[in-house]
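Guided by the hints, dock chain B onto chain A, whose structure is given.
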Amino acid sequence: GESVGLHLPTLSVQEGDNSIINCAYSNSASDYFIWYKQESGKGPQFIIDIRSNMDKRQGQRVTVLLNKTVKHLSLQIAATQPGDSAVYFCAEIIRAAGNKLTFGGGTRVLVKP
Amino acid sequence: NAGVTQTPKFQVLKTGQSMTLQCAQDMNHNSMYWYRQDPGMGLRLIYYSASEGTTDKGEVPNGYNVSRLNKREFSLRLESAAPSQTSVYFCASRVTGTDTQYFGPGTRLTVL
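In the order they appear, the protein sequences are chains A and B.
The first sequence begins at 1 in the working numbering and counts up by one.
The second sequence begins at 114 in the working numbering and counts up by one.
Isolated chain B (complex conformation):
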């Protein structure tokens, strides 16, 4: 199993540009999550998907949209990137029936 994979690993955008961060898991997990991590801080939840076809807002959803394309894939979209969205973005999935989340390697995004 590859676990949780994310693409791209690095991205630089100009203010106002849009992009989609991709996440996929091959562990047959129902729940998937998007977090952002800023320097010196813990991870903050942006959006999550408890199951295929459902999505819900987390702590910091403004400026983002998500799509749960199928059970494997959960994408995060920035429609009009802002410098405040410069961060490292992590995708995670949760083992069904437990509380443990497993994380991908992250995408480092810089918005100029």
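Just chain A, with the same shape it has in the complex:
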């Protein structure tokens, strides 16, 4: 079965506020994590990634935090905009399992004007 995520909760955010999306994973052997954004009717779009030997990585308006102690991953979006409304998936790769990407169930973000 899936070791990442499982539920599809919804996060409502006021435009301009910061968003935090959480993801739990169960396999401590995971080497690499990716956050994807999926807009309605489109394929997943790469946002940011982080390797298991890192705790934090920043991109443009996004930050990913990795806490290996509690097997938790988060995506922070600064100054959330209407265009950020989408479903966000975390995914993990375990290189020992053939580099396959395993997705969680996703979180829907709704940005209120």
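These are computed hints drawn from the structure, not numbers from a lab.
Ideal Cβ placement from N, Cα and C applies to all residues, glycine included.
It is possible that some hints are incorrect.
Chain B is faced by these chain A residues, among others (derived, beta-carbon under 10 Å) [claimed, not checked]:
id	residue
1	Leu8
2	Tyr32
3	Lys42
4	Pro44
5	Asp49
6	Arg51
7	Cys90
8	Ile93
9	Leu101
10	Thr102
11	Phe103
12	Gly106
Chain B only, in chain A's frame:
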């Protein structure tokens, strides 16, 4: 670059019919993947191809076959469609030497 393209965008089949979903990428990637996405769930890997001439099963391969026709193209075939195969199908390719996968726009398949 067009990236990853998929055809068709939509398809309706009757139970027992067969069809092939097409995928192509113009980024010279070695690895390609087929996923299915069901409502409220993440993507599940059906089959993948690490390089031209090789294919391997993913998490949910039953009822599907694949062909890596050449480096650009990776097709997914349903020999006898079942209602349980109603889903959105995504093709992806991976940047050589990295872990990042890039996805196509998807094919929405309904099996009646």
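The hints, checked one at a time:
With 10 Å as the threshold, the beta carbon of Leu8 of chain A comes within range of chain B, its nearest partner Cβ sitting at about 5 Å, so the hint holds. Restraint check, Tyr32 of chain A versus chain B: the minimum CB separation of about 5 Å is within 10 Å; hint holds. Annotation: Lys42 of chain A was flagged as interfacial toward chain B, and the flag holds, the nearest CB pair being 6 Å apart, inside 10 Å. Interface hint at Pro44 of chain A: satisfied, since its Cβ lies 5 Å from the closest Cβ of chain B, which is below the 10 Å cut-off.
The interface hint given for Asp49 of chain A holds, since its Cβ lies 6 Å from the closest Cβ of chain B, which is under the 10 Å cut-off. Hint on Arg51 of chain A holds. Least Cβ distance to chain B is approximately 9 Å, under the 10 Å limit. Satisfaction of the interface hint for Cys90 of chain A is found here, the shortest Cβ-Cβ separation to chain B being roughly 9 Å, below the 10 Å cut-off. Contact between Ile93 of chain A and chain B, as hinted, is supported at the beta carbon level, the nearest pair being about 5 Å apart and thus within 10 Å.
Checking Leu101 of chain A against chain B by beta carbon gives a least distance of about 6 Å; that is within 10 Å, so the hint holds. Interface restraint check: Thr102 of chain A against chain B, minimum CB-CB distance 8 Å, threshold 10 Å, status holds. Against a cut-off of 10 Å between C-beta atoms, the interface hint on Phe103 of chain A holds, since the closest Cβ of chain B lies about 3 Å away. With a cut of 10 Å, the hint placing Gly106 of chain A at the interface with chain B holds, because the nearest CB-to-CB distance is about 6 Å.
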